[in-house]
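Novice: Residues per chain are reported as follows:
Protein chains: 2
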Amino acid sequence: MNNDLTLYVAAFVDELVKVGVQDVVVSPGSRSTPFAIVMAEHPAINVHMNIDERSASFFALGMAKAKRKPVALLCTSGTAVANYLPAIVEAYYSRVPLIVLTADRPHELRDVGAPQAIDQIHIYGKHVKWFVEMALPESSNEMLRYVRMMAARAAAVAMTAPQGPVHLNFPLREPLMPTITEQTWSQIEAKEPSYIHVTIGKKTLEDEQFRQLYEQLAHVEKGWIVCGDIDKPGFAEAVTKLAEALHYPILADPLSQLRSGTHTKDYIVESYDAILKDETIAKILLPDVVIRFGSMPVSKPLLMILKRHPSIAQIVVDGESGWREPTYTASQMIYCDETEFCSRLAQFSTPLPRKSEWAETWRYVNKIAKEVLLEVKKENALFEGKVFIELTELLPEQSLLFVGNSMPIRDADTFFMANGKQIRVMANRGANGIDGIVSSALGASVVAEPLVLVIGDLSFYHDLNGLLAAKLHRLNATIIVINNNGGGIFSFLPQAKHKKHFETLFGTPTDLQFEHVVRMYDGDYQNVTAWDEFRYYVKRSTESEGLHVIELRTSREENVAKHRFLWDRVSQEIRKFLKKRRTQ
Amino acid sequence: MNNDLTLYVAAFVDELVKVGVQDVVVSPGSRSTPFAIVMAEHPAINVHMNIDERSASFFALGMAKAKRKPVALLCTSGTAVANYLPAIVEAYYSRVPLIVLTADRPHELRDVGAPQAIDQIHIYGKHVKWFVEMALPESSNEMLRYVRMMAARAAAVAMTAPQGPVHLNFPLREPLMPTITEQTWSQIEAKEPSYIHVTIGKKTLEDEQFRQLYEQLAHVEKGWIVCGDIDKPGFAEAVTKLAEALHYPILADPLSQLRSGTHTKDYIVESYDAILKDETIAKILLPDVVIRFGSMPVSKPLLMILKRHPSIAQIVVDGESGWREPTYTASQMIYCDETEFCSRLAQFSTPLPRKSEWAETWRYVNKIAKEVLLEVKKENALFEGKVFIELTELLPEQSLLFVGNSMPIRDADTFFMANGKQIRVMANRGANGIDGIVSSALGASVVAEPLVLVIGDLSFYHDLNGLLAAKLHRLNATIIVINNNGGGIFSFLPQAKHKKHFETLFGTPTDLQFEHVVRMYDGDYQNVTAWDEFRYYVKRSTESEGLHVIELRTSREENVAKHRFLWDRVSQEIRKFLKKRRTQ
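Order-wise, the sequence lines are chains A and B.
Using our numbering, the letters of the first sequence map in sequence onto residues 1 to 584.
Using our numbering, the letters of the second sequence map in sequence onto residues 1 to 584.
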């Protein structure tokens with residue numbers, strides 16, 4: 001009998017379940033055996049096997065993000081543990097709760113050249129919120145209480161603002177086989193039942209503080225509400241009400257969850273990136289105050305404007321008490337739940353005059369920009385930006401749109417327009433990596449369907465291993481690969497002028513025919529060459545089961561030219577409008 | 001003009017070259033632009049592009065290991081940096097010199113939610129020998145001296161015993177484009193020429209210390225020389241001479257580089273793992289003293305014997321002053337260059353009596369074991385172990401055999417027998433991961449050809465991305481995939497008895513048809529079903545260019561049964577011999 005081990009691990013797993021962890025992503029290994037078996041035995045845990053630990057950890061990240069609840073990760077000792085680092089870094093910066101459980105060699109096998117023993121103590125450095133080197137398994141009542149408390153606390157720390165990953169390292173001695181039976185659960189229940197329940201409150205301000213804020217804002221006509229990546233239920237309605245109360249346009253990043261949904265879109269400005277690219281226009285349309293929620297939006301022109309105009313009063317609201325302020329020009333940092341902040345502040349607002357010239361101007365300018373950008377609808381060529389215009393119409397209700405980094409997220413910013421559907425938009429914007437995107441999206445697909453991922457070819461290549469999960473677990477997902485044969489974003493950067501080494505160092509064409517690998521993972525592959533095909537296959541794949549990969553082959557050169565042409569047109573049309581208005 | 005940046009980076013790169021770094025593995029990115037361009041411009045540096053940073057870092061590891069010289073790595077900021085961790089951990093424990101160069105955001109963009117900014121300070125923790133947060137680029141003479149010195153020192157630290165990875169983190173501000181011209185090199189040469197030359201000595205002992213050692217050993221008949229992973233030119237000849245002088249058998253791990261080569265094989269024992277599996281036999285053949293070189297061999301029975309018999313005087317010789325001693329029974333730790341140690345100690349030895357019964361017994365026992373194991377030659381079934389028996393004959397002169405972890409390295413231990421060819425055998429035995437093996441082998445293939453990698457299906461899957469390097473850089477490599485559809489090693493462990501969850505948690509069959517992915521990477525794929533086909537395709541692929549993947553589909557169940565049958569036969573035959581000898 002291996003009682004110490006069995007009871008200790010079972011108590012830990014049981015408590016994890018009791019505090020709400022239902023999913024664990026497991027990579028095969030020997031040292032982690034007791035946890036893997038006990039988890040597989042627990043009636044309320046879903047074990048998701050994922051062989052490549054890098055993909056496994058991004059899979060857990062996507063699932064936790066979509067669930068807004070912690071997901072556990074389990075792997076064996078050695079480099080398996082090291083493979084988690086990229087996803088943990090992403091989870092840390094994007095505030096996703098993960099409970100990372102790593103099996104380790106016991107103390108006497110460390111740093112003596114024993115096999116698969118590496119230094120796992122604090123291996124994720126500052127990229128986890130909490131690290132614990134756990135005690136060796138024992139089954140005294142005290143140690144069962146200890147291990148239960150650690151499980152509850154791990155989930156609590158992961159869920160406390162700012163949410164993020166925690167790491168528990170378990171030294172385990174052989175023999176590693178637990179002796180779990182149906183009685184084990186009642187046995188540990190009898191010995192030490194569930195230990196602690198954690199309730200996490202939300203930060204809010206005093207009435208007086210809201211009143212002062214309202215007084216500060218009431219007489220400022222020119223304001224922006226800026227919403228970056230933020231995905232909290234209730235926020236869309238609350239911030240819409242605040243915008244209505246203050247007559248401030250909402251500059252809404254595609255990840256703000258404000259471009260889709262049933263809330264009113266009257267104040268939503270989607271095209272601010274295109275509008276603000278022209279510095280002359282930007283200067284005319286500058287605000288006096290900015291209220292900012294979520295992380296910094298993807299738009300570089302917006303960032304540059306905030307940096308260059310410290311006279312704009314910038315109020316950063318962060319419900320999770322972080323410091324997302326790369327502009328160095330913020331004047332106020334407010335730690336208050338974002339939804340609470342908007343609702344309470346809106347309540348304070350006495351109705352402002354019905355019409356605001358400022359809000360009207362922004363509404364009009366956004367309309368002009370959108371009209372230009374939406375001309376792409378008529379485009380026959382496979383222009384990358386058009387993918388998102390098409391998707392606005394094609395995506396079914398309740399779908400989850402996962403957007404890859406580098407070009408896709410920028411194109412989503414420019415071309416994914418406001419709509420009334422319930423579409424959730426997700427991306428890995430903590431560290432903006434092109435790694436692990438396939439797995440993150442597939443992890444999210446476990447929670448929300450239909451899932452559509454838009455991804456570039458380099459990023460798709462980077463996580464091809466992630467596709468195995470789709471095959472083994474029969475996940476339903478549509479992956480749209482925009483294949484411009486290399487790193488498309490570099491064509492927009494100064495590097496593009498450096499002809500001599502550009503293709504070798506930055507363009508990096510791979511000439512991969514993804515059809516082969518998609519077939520290996522039992523996926524349906526379509527290379528589309530026209531938009532009617534695209535529409536047909538997207539519709540078909542979101543309505544059917546399994547993995548579907550739809551590839552569009554595009555040209556990096558044409559892509560950058562078309563983008564620049566459109567931005568120039570936006571700029572011309574808005575300049576015309578502003579000139580006309582001035583002369584009226 | 002971006003003079004500060006250009007001169008600073010050029011001086012660094014120039015110094016790297018001067019201290020002997022010729023290769024850098026680069027992953028595309030924006031922040032790392034100045035280094036990438038300057039390196040591409042430097043006439044004496046080979047830039048190896050590799051898009052997936054995890055594969056890139058293992059590629060660099062394999063190259064550095066094969067070269068026995070530092071290789072540099074370069075990537076941009078963000079999760080790119082995190083993807084290096086598994087290979088860095090492996091490099092640290094397997095003592096491979098790597099110079100890791102990561103571009104970073106400057107201080108003002110850190111920890112404020114700026115894009116692609118993560119905490120890169122000490123991100124590899126204790127798994128690098130040296131970390132430096134570099135100064136921002138400046139081009140004063142002082143700072144050019146500083147940056148040159150850092151380059152020289154990085155290479156020196158990486159090459160100083162124990163060798164390993166070092167990490168230099170470079171904060172860089174925009175604009176990132178260097179203005180490099182042909183004159184840059186002469187310009188920096190004129191300003192601050194090469195700065196320092198580092199000479200690294202070897203540890204040795206005093207004559208008196210050798211004399212005492214010799215006296216200690218001279219009257220001990222029953223000794224073993226145990227050689228684990230060690231790959232130092234000259235060692236094979238030196239340790240052979242020591243064995244001859246002391247009449248001690250050499251228990252030679254496949255990574256000891258002692259099973260192949262032109263040195264005499266009289267004292268080489270390859271089959272000790274199979275012999276020592278039988279505890280009764282092991283007890284009869286126990287030594288009184290063990291002299292151990294290199295890391296702990298892969299053989300578990302050997303490890304257990306050393307652990308269980310603290311009365312055996314165990315002398316660990318480590319030229320790099322580490323602590324590779326997981327048995328906790330060593331009596332002496334000697335920090336002395338291994339080749340020097342063997343040569344000097346052998347010189348002290350007055351000729352011992354010509355015949356040693358002890359050495360003869362071991363020679364005979366090894367012969368018996370080999371005869372049993374080599375019966376597999378006649379086997380028609382696709383038995384995994386036979387791969388290495390076949391390879392002993394098939395591998396051409398000067399080839400490099402790279403062996404995957406988990407089952408392949410254990411099968412190499414059992415079935416790769418002594419031979420007179422110059423075959424170098426490599427594996428990633430620092431942390432024994434199944435990750436990054438394809439890339440490590442391909443990195444080594446840049447240095448040594450023909451290269452043959454033997455790898456299991458899970459490990460092959462884990463680093464399929466590594467194959468892109470073979471396609472893009474037209475590498476020549478033969479990969480033999482032993483596909484038992486899952487984790488074969490678990491069938492040998494107690495987990496195998498746990499029928500309920502075994503296949504789900506440990507067996508993890510993937511049912512992948514690798515042919516598809518091999519085609520995507522322009523490789524030649526062959527599924528062999530008989531040994532004559534195997535021989536034909538191995539021969540053909542080692543004689544031709546490009547990537548060749550030869551797959552053998554085997555059965556996990558049959559494999560474990562056949563291994564156990566053979567070990568049992570070895571045990572029976574040796575017991576017979578020992579009994580006969582006792583009764584003589």
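The set of hints was computed from the structure by calculation and includes no laboratory data.
Any given hint could be a false lead.
Because identical chains cannot be distinguished in the list, a pair is counted as satisfied if it fits within a single copy or across any two copies.
Under the rule of at most 20 Å between Cα atoms (straight-line distance), these lysine to any residue pairs were calculated in the SDA-like manner [unchecked claim]: (1) Lys-499 - Asn-2; (2) Lys-300 - Pro-175; (3) Lys-497 - Glu-41; (4) Lys-367 - Glu-208; (5) Lys-18 - Ala-40; (6) Lys-471 - His-516; (7) Lys-307 - Arg-173; (8) Lys-500 - Gln-183.
Novice: Now tell me if each hint is right for this structure.
Specialist: Hints versus structure:
1. Lys-499 - Asn-2: between (66 Å within a copy, 18 Å between copies)
2. Lys-300 - Pro-175: between (56 Å within a copy, 15 Å between copies)
3. Lys-497 - Glu-41: For Lys-497 and Glu-41, the Cα distance is within 20 Å only across copies (16 Å; inside one copy 59 Å).
4. Lys-367 - Glu-208: This pair counts as neither: shortest intra-copy Cα distance 38 Å, inter-copy 91 Å.
5. Lys-18 - Ala-40: within (16 Å within a copy, 56 Å between copies)
6. Lys-471 - His-516: both (14 Å within a copy, 15 Å between copies)
7. Lys-307 - Arg-173: between (55 Å within a copy, 16 Å between copies)
8. Lys-500 - Gln-183: between (70 Å within a copy, 17 Å between copies)
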